[in-house]
Amino acid sequence: MSNDPHIPPGPTRPDPVFTPDAIFFWEGAARGELLGQRCADCRKITFPPRPMCPACHSVKRETVRLSGRGTVASWVIPRHPAPIGFPEAPIVALIELEEGIRMVSNVIDVAASDMKGGIAVEVRFAPTRGGKAVPVFAPAGGGSRG
Amino acid sequence: MAKFAAIAGIGQTEFSKNSGRSELQLAAEASRAALDDAGIDPADVDGMITFTIDNNDEIGLARCLGVKDLGWATRIPGGGAASVATIHQAAAAVTSGACEVVVVWRAMNERSQYRFGQPMAPAGGGLVNVAGNGTGSLLWCMPFGAQTPASWAALSAGHYMERFGVTNRDLGYVSVAQRKYAATNPLAWFYGKPITLADHQASKWIVEPVLRLLDCCQESDGGVAIVITSLERAKDLKQKPVRIAASAQSIPAEVEVISNYYHADLDVMPEAQGVAKRLYERSGLTPQDMQLAMLYDAFTPQVLVQLEAFGFCGQGEAKDFVKGGNIEVGGTLPVNTNGGLIGEAYIHGMNNITEAVRQLRGTASNQVAKMTNALVSCGMAGAILSNS
Numbered sequence: 001m002s003n004d005p006h007i008p009p010g011p012t013r014p015d016p017v018f019t020p021d022a023i024f025f026w027e028g029a030a031r032g033e034l035l036g037q038r039c040a041d042c043r044k045i046t047f048p049p050r051p052m053c054p055a056c057h058s059v060k061r062e063t064v065r066l067s068g069r070g071t072v073a074s075w076v077i078p079r080h081p082a083p084i085g086f087p088e089a090p091i092v093a094l095i096e097l098e099e100g101i102r103m104v105s106n107v108i109d110v111a112a113s114d115m116k117g118g119i120a121v122e123v124r125f126a127p128t129r130g131g132k133a134v135p136v137f138a139p140a141g142g143g144s145r146g
Numbered sequence: 147m148a149k150f151a152a153i154a155g156i157g158q159t160e161f162s163k164n165s166g167r168s169e170l171q172l173a174a175e176a177s178r179a180a181l182d183d184a185g186i187d188p189a190d191v192d193g194m195i196t197f198t199i200d201n202n203d204e205i206g207l208a209r210c211l212g213v214k215d216l217g218w219a220t221r222i223p224g225g226g227a228a229s230v231a232t233i234h235q236a237a238a239a240v241t242s243g244a245c246e247v248v249v250v251w252r253a254m255n256e257r258s259q260y261r262f263g264q265p266m267a268p269a270g271g272g273l274v275n276v277a278g279n280g281t282g283s284l285l286w287c288m289p290f291g292a293q294t295p296a297s298w299a300a301l302s303a304g305h306y307m308e309r310f311g312v313t314n315r316d317l318g319y320v321s322v323a324q325r326k327y328a329a330t331n332p333l334a335w336f337y338g339k340p341i342t343l344a345d346h347q348a349s350k351w352i353v354e355p356v357l358r359l360l361d362c363c364q365e366s367d368g369g370v371a372i373v374i375t376s377l378e379r380a381k382d383l384k385q386k387p388v389r390i391a392a393s394a395q396s397i398p399a400e401v402e403v404i405s406n407y408y409h410a411d412l413d414v415m416p417e418a419q420g421v422a423k424r425l426y427e428r429s430g431l432t433p434q435d436m437q438l439a440m441l442y443d444a445f446t447p448q449v450l451v452q453l454e455a456f457g458f459c460g461q462g463e464a465k466d467f468v469k470g471g472n473i474e475v476g477g478t479l480p481v482n483t484n485g486g487l488i489g490e491a492y493i494h495g496m497n498n499i500t501e502a503v504r505q506l507r508g509t510a511s512n513q514v515a516k517m518t519n520a521l522v523s524c525g526m527a528g529a530i531l532s533n534s
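Residue numbers (our numbering), protein chains in the order written: chain V, 1 to 146; chain C, 147 to 534.
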């Protein structure tokens with residue numbers, strides 16, 4: 001870590017915004033769990049979270065532990081303006097999870113020059129400045145070569 | 147009840163980076179110009195439509211115009227992606243008999259008063275971006291560093307570009323063509339300032355490896371207004387009417403504004419496909435019947451996927467369609483002949499509608515020969531405008 005007294009220690013990543021229908025997701029992330037939302041009646045998994053199943057219209061929602069394994073569908077590096085809360089430009093990626101849902105996240109532990117669509121990734125967790133956490137992804141098996 | 151509605155008047159302020167006056171004044175000046183253009187007394191306006199995120203208030207604008215009795219006021223969600231829905235819903239209101247004269251407006255000081263599209267960190271914590279209101283962007287993108295419309299749009303385009311081998315250099319041809327139009331359009335901010343592909347490639351990365359600075363629309367101050375009434379009434383007014391031959395909105399399942407990550411096929415723009423289907427069905431026209439397309443161009447990749455969604459070329463072919471010069475004057479399908487939101491100004495899509503009207507009247511700076519039908523699309527809404 002930096003010894004520069006002007007840089008406060010600890011995470012700088014922005015906190016997630018908690019909304020009523022997605023509290024379970026962020027509370028799970030804070031515990032190091034990647035949780036999905038499933039219909040308790042027809043078992044359809046949906047993302048982003050919602051209070052009603054679009055398939056059977058049940059409001060009985062349940063959380064399920066997701067595998068945390070997926071592939072990169074798309075990726076970018078935001079350069080300007082510099083993203084707030086990121087000392088270095090992150091790799092932002094759209095992750096397609098094994099369960100058939102997609103979510104926006106980051107890919108860590110990989111060089112930008114090695115990024116491409118389709119690489120296999122698995123979940124990690126990154127802390128945020130307010131003591132929460134978000135799911136991020138690293139190349140599966142610890143390697144970065146596709 | 148009227149069968150068709152028509153655009154009877156268009157108006158605008160100058161497009162700048164610092165208007166020096168309030169957004170309400172911009173709205174009032176643009177509205178008055180549009181009503182003068184139509185030859186309608188502002189007192190007779192009985193309908194008003196704008197965006198949900200326009201900062202001006204219907205009563206405030208009616209107070210400026212001296213409107214006697216407003217009978218219809220509504221707002222459209224979806225930001226610029228729904229800009230053409232303003233005239234769609236105005237046409238629906240007019241043809242249903244709910245009102246007779248609708249003023250549609252959008253006015254913003256999005257360069258001088260605030261920086262529309264840039265994230266802000268309020269004192270209470272978290273991050274906000276006014277350009278992301280109503281979408282999932284805030285919740286599911288911000289903590290990962292995707293905090294701007296450019297980053298959301300780039301992430302959305304990445305899968306399509308990788309699949310069809312579209313490079314940032316390919317996108318440059320869109321930007322160069324539009325800046326060429328803007329260079330000969332005195333209304334454009336970039337009037338007299340064409341760019342080369344080398345300029346495009348030398349501009350800084352906004353979102354690597356998809357968008358450079360010259361792939362992005364401008365930030366502009368200005369106002370645009372459009373007057374819609376029945377075709378019958380429009381025929382008796384000052385201008386030759388521009389008929390709304392068909393109009394449509396489409397918000398398909400799991401589609402969001404810009405942050406479009408959750409629908410089945412990432413390589414298409416489902417909302418534009420939905421708009422295209424409805425427009426062609428409702429008008430009985432085909433892509434070959436269009437002499438002009440005004441395609442929402444907040445960012446260059448959006449032009450490519452709209453060209454494909456509206457059937458002007460096959461899937462994955464848009465980059466070569468653009469590179470072949472088809473979208474320039476004299477090409478098979480001139481596109482964004484005012485310079486678009488990239489070259490003329492970013493009045494949230496509304497200035498692309500007024501350009502279609504000028505083209506159909508025969509008064510555009512980069513006039514297309516033998517205009518009959520123009521397609522105007524903003525992704526989640528569209529219209530086919532006609533001078534016949």
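Certain hints may be false.
Footprint (simulated), chain V over chain C, 3 or more residues, beta carbon under 8 Å [unchecked claim]: (1) 350-359; (2) 406-412.
Using 27 Å as the maximum straight-line C-alpha spacing, the simulated DSS-like pairs for lysine-lysine come out as follows [to be verified]: (3) C:Lys339 to C:Lys163; (4) C:Lys214 to C:Lys326; (5) C:Lys350 to V:Lys116; (6) C:Lys384 to C:Lys350; (7) C:Lys469 to V:Lys116; (8) C:Lys339 to C:Lys326.
Don't read these hints as lab results, they were simulated from the structure. Beta carbons are placed, not taken as given, at the ideal position from N, Cα and C, and that holds for glycine.
Consistency of the hints with the structure:
1. 350-359: With 8 residues in contact (Cβ-Cβ under 8 Å with chain V), the coverage given for the stretch 350-359 of chain C holds.
2. 406-412: As far as the stretch 406-412 of chain C goes, the hint holds, because 3 residues have Cβ atoms under 8 Å from chain V.
3. C:Lys339 to C:Lys163: holds, 16 Å
4. C:Lys214 to C:Lys326: violated, 44 Å
5. C:Lys350 to V:Lys116: It holds: about 21 Å lies between the C-alpha atoms, which stays within 27 Å.
6. C:Lys384 to C:Lys350: Violated, because 47 Å separates the two Cα atoms, which is more than 27 Å.
7. C:Lys469 to V:Lys116: At roughly 25 Å apart (the allowed maximum being 27 Å), Lys116 of chain V and Lys469 of chain C satisfy the hint.
8. C:Lys339 to C:Lys326: holds, 8 Å
Of the numbered hints stated above, those contradicted by the structure are hints 4 and 6, listed in ascending order.
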